[in-house]
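Visitor: For the protein sequence lines, the chains are A and B, in the order given. At position 218 of the first sequence the residue is numbered 218 (UniProt numbering), and the sequence of numbers has no breaks. At position 184 of the second sequence the residue is numbered 184 (UniProt numbering), and the sequence of numbers has no breaks.
Any given hint could turn out to be false.
The list makes no distinction among identical chains, and a pair is therefore deemed to hold if it is satisfied within one copy or across any two copies.
Claimed, not checked - Lysine-lysine pairs mimicking BS3-like chemistry, simulated, CA-CA at most 25 Å apart:
{"#": "1", "residue 1": "K74", "residue 2": "K42"}
{"#": "2", "residue 1": "K42", "residue 2": "K164"}
{"#": "3", "residue 1": "K42", "residue 2": "K165"}
{"#": "4", "residue 1": "K165", "residue 2": "K74"}
Derived from the structure by calculation, the hints contain no laboratory data.
Number of protein chains: 2
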Amino acid sequence: MSQQISFKEMLKVFGLGAVALVLGVEWFDWLMRRLRVRGPLKEVLFFPSTQTCLEHLFTPNRSFPCKCPLPHGKETSFSRLLRHLLSAHASLDLCVFSFSHMELCRMILLLHERGITVRVVTDRDYMTITGSQIGNLRRAGICVRHEMSTAVHMHHKFAIVDGKKLITGSLNWTVTAVQSNKENIMVTEEPELVRPYRLEFQQLWEANDPAKHTHRVTNGW
Amino acid sequence: MSQQISFKEMLKVFGLGAVALVLGVEWFDWLMRRLRVRGPLKEVLFFPSTQTCLEHLFTPNRSFPCKCPLPHGKETSFSRLLRHLLSAHASLDLCVFSFSHMELCRMILLLHERGITVRVVTDRDYMTITGSQIGNLRRAGICVRHEMSTAVHMHHKFAIVDGKKLITGSLNWTVTAVQSNKENIMVTEEPELVRPYRLEFQQLWEANDPAKHTHRVTNGW
Chain A
1 MSQQISFKEM LKVFGLGAVA LVLGVEWFDW LMRRLRVRGP LKEVLFFPST QTCLEHLFTP
61 NRSFPCKCPL PHGKETSFSR LLRHLLSAHA SLDLCVFSFS HMELCRMILL LHERGITVRV
121 VTDRDYMTIT GSQIGNLRRA GICVRHEMST AVHMHHKFAI VDGKKLITGS LNWTVTAVQS
181 NKENIMVTEE PELVRPYRLE FQQLWEANDP AKHTHRVTNG W
Chain B
1 MSQQISFKEM LKVFGLGAVA LVLGVEWFDW LMRRLRVRGP LKEVLFFPST QTCLEHLFTP
61 NRSFPCKCPL PHGKETSFSR LLRHLLSAHA SLDLCVFSFS HMELCRMILL LHERGITVRV
121 VTDRDYMTIT GSQIGNLRRA GICVRHEMST AVHMHHKFAI VDGKKLITGS LNWTVTAVQS
181 NKENIMVTEE PELVRPYRLE FQQLWEANDP AKHTHRVTNG W
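If we strip away everything but chain A, and leave its shape as in the complex, we get (with noise of 0.2 Å):
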């Protein structure tokens, strides 16, 4: 009788066993598709981008629409750059050499404006060429530090957005860049790849502090 029931058991055992690993392995499975589908953003934008209407983005909620002669409803990498920038909530650190696209600068004084804490660190030379829009930055109160010293260049051309979603590559944010050049720009929100930048740009800001340099304007430096 007690062995009769040890088998029983036995066999119990194994078939919930193999049930329950039959299940595991199809549970499983299924877990890895999904972490495989859903992994952090990752995508890559090509430029040039063909010029289209982007006055939606600036604008959702206008009750007209828009008549100018550029074309209407299209996707490009230009649009997908400006809607990851407009996905901030909280905080946008750009550190970008050369700045003088207009829209770009339209879309920080947007984000600016909506409550969105701002920072920039740019290159020396650069920020004063002609069109530079970091002057219209600063104008707008937003907190701008550039590359104190005079024998580099601060080359760097990328930003975060809410400390998460890293935007990067070859991309300076002119109108040559964006419509002309041959450039790319990788948007990710994997953390191993966004946390090294995240330190970098605290790196350089409190490197670039003008409170930490003020002895060499003083000293004509």
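Since the structure of chain A is already known, use the hints to place chain B on it.
Guide: Just chain B, lined up with the frame of chain A:
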């Protein structure tokens, strides 16, 4: 008796279930950590890079120690970049705006000598500036194509090693970029990121095939 057995069975099943659950959670946690640790390569390098002796990378089998005055045995962002290039077994596709760094040129020539298939796409204007290494690559038999349009800059700065490792960022292949500027590069084997750059390279390679533009040359374009 039958009720007593059912209760025993239930206890055993619950007990085994609990053990299986605990072991399963432990195993899943271990697996996820392993997957995270051994995920595709992701590395970020920042510049400027300190100058060190790199002779061991070019001539690893030399019997005598290098006696140059530069620091030895120190890993830097630049030595990491060279190591990633050196990891090529079959191919290197390089898309770079400005290429005047002699050590990077030496590395490309070394790979070419080793039988690695090297293809280079570069900018039309910048390939002829003083110090450009493009001529040296061509003289060594490496196939270089340049952006054909006069109105456009080929401003990319990326390389693909063996079709699966992407090196991309703000860094041009110049001494100023490596030793002075604030620059970044990202090295990744994440297929979702590598694939678009591979396609972009192929597209640029084909679009700038001189055979397709011969009529322009004969017409004096």
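Visitor: Within a copy, between copies, both or neither: which one fits K42 and K164 at a CA-CA cutoff of 25 Å?
Guide: Both: 12 Å inside a chain and 16 Å across chains, each within 25 Å.
Visitor: How do K165 and K74 come out at 25 Å by Cα distance, when the copy is not named: within, between, both, or neither?
Guide: Within one copy, since 24 Å is at most 25 Å while 32 Å is not.
Visitor: Please sort K74 with K42 into within, between, both or neither, judging by C-alpha distance up to 25 Å.
Guide: within (21 Å within a copy, 33 Å between copies)
Visitor: Check K42 against K165 for me: Cα-Cα at most 25 Å, and say if that holds within a copy, between copies, both or neither.
Guide: both (10 Å within a copy, 16 Å between copies)
Hint compliance for this structure: every hint is met.
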